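Top to bottom, those sequences are chains G and C. If you read the first sequence in this note's numbering, its first letter stands for residue 1, the second for the next number, and so on. If you read the second sequence in this note's numbering, its first letter stands for residue 170, the second for the next number, and so on.
Hints listed in this document are in silico derivations from the structure and should not be mistaken for laboratory results. Treat the numbers as computed from the prediction; the structure is a model and nothing was measured. Be careful, since some hints might not be right.
Among chain G residues calculated to face chain C with C-beta under 7 Å, some are [stated by the list, open to error]:
hint	residue
1	Gln-13
2	Leu-42
3	Val-52
4	Arg-68
5	Gly-135
6	Thr-136
From the three backbone atoms N, C-alpha and C, an ideal C-beta is built for every residue, glycine too.
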Amino acid sequence: MSIPSEVQALIGQVQYEETGEFPVERGYIWTTCASVENGNPLFWDDAVADAVTDGPIAPPTMLSVWFRPHHWSPGRDVQPLPLRVHFDLKEIFDLPEAVMTDNTIVFHEPVRPGDRLRTRQILRSVSEPKTTKLGTGRFWVIDVEYLNQRDELVGVESYTGFGYRRAEA
Amino acid sequence: MTTKLVLDDVHAGDELPELAYEVSATTIVLGALASRDWRPMHHDHDFAVNRNGTQDIFMNTPNQAAWFERYVTDWTGPTGRLGRMTFRMKGSVFPGDTMTMRAVVEGAEVDDAGCGWATLAVALTVDGDVKTECTVRVALPTAVDDNPWTRHGDQWRP
């Protein structure tokens, strides 16, 4: 069995490009640092931030925070799905279940307060059918790229997903 | 400069200081909302137990990433710059757990651009059970006057 041509055509294509709903801001940076008791002076002491990072930055691991939609916003009646390429593949292959098996984040240019980031999803690969203890399905790798308003790459998240159908009892 | 650790201080096999933290419901809810994760299994006990079938609300992945970052940069100081993190989730962290983070240095090297790197194998455990494994590649100064944050473009190879 091979990869269907409609899926083959999606590999390497940029999809679902979107801009975050709000600019990067320090309130969330401090709330996040407080949540894990992160006292790194880069985020609390502007003199250190000026000396080390040429001004304030956000903790690198906050990358995905800037893209989670508000819980509610005017006129919206459907909550947007994150990682839509993943859900598209489940539908295309008719695989009702899915798990994420690995997640890698690569950090590039620092993210700074005031940045307006955008994101885009790129399907990197889809496997032939595989059978695991969960069931039979396919593995796929999806990259989510994050860029700032100057089109500089600030990070890439890579997700390995396994969409599957449970073995019949 | 606020350099705390340079590459020459780091050797394969070194162990980082352990971090133990008593997780409460507040830890879980604060972490979820700080990362803008509104899904109910991270703040609603009834939903977590009766819909998800878990024993309680549990810590979300972005907040775990923030914990790993804090743990690693507590060790490096502010001149440590994260390059790459890979997670493997094996179990959940619940209120009442004491989570413990430990790490060992797997390697230290200088890349072709002259940037110093340490690779760490970090484990988050509860009662000795590994809940999350995380491999971290973090840039470190090669000398007290070096600063990985000044690297851009092809000088930064995470």
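Please check whether Gly-135 of chain G passes as an interface residue: C-beta within 7 Å of a C-beta belonging to chain C. 19 Å, violated
Quick check on Arg-68 of chain G please, does its C-beta sit within 7 Å of some C-beta on chain C? 4 Å, holds
Supplied contact hint for Thr-136 of chain G, tested at 7 Å Cβ to chain C: 22 Å, violated
Leu-42 of chain G as chain C interface residue, shortest Cβ-Cβ below 7 Å: 5 Å, holds
When the least beta-carbon distance from Val-52 of chain G to chain C is tested against 7 Å, hint result: 5 Å, holds
Hint status (Cβ of Gln-13 of chain G to nearest Cβ of chain C, threshold 7 Å): 24 Å, violated
Violation of the numbered hints given earlier is confined to hints 1, 5 and 6; the remaining hints are satisfied by the structure.
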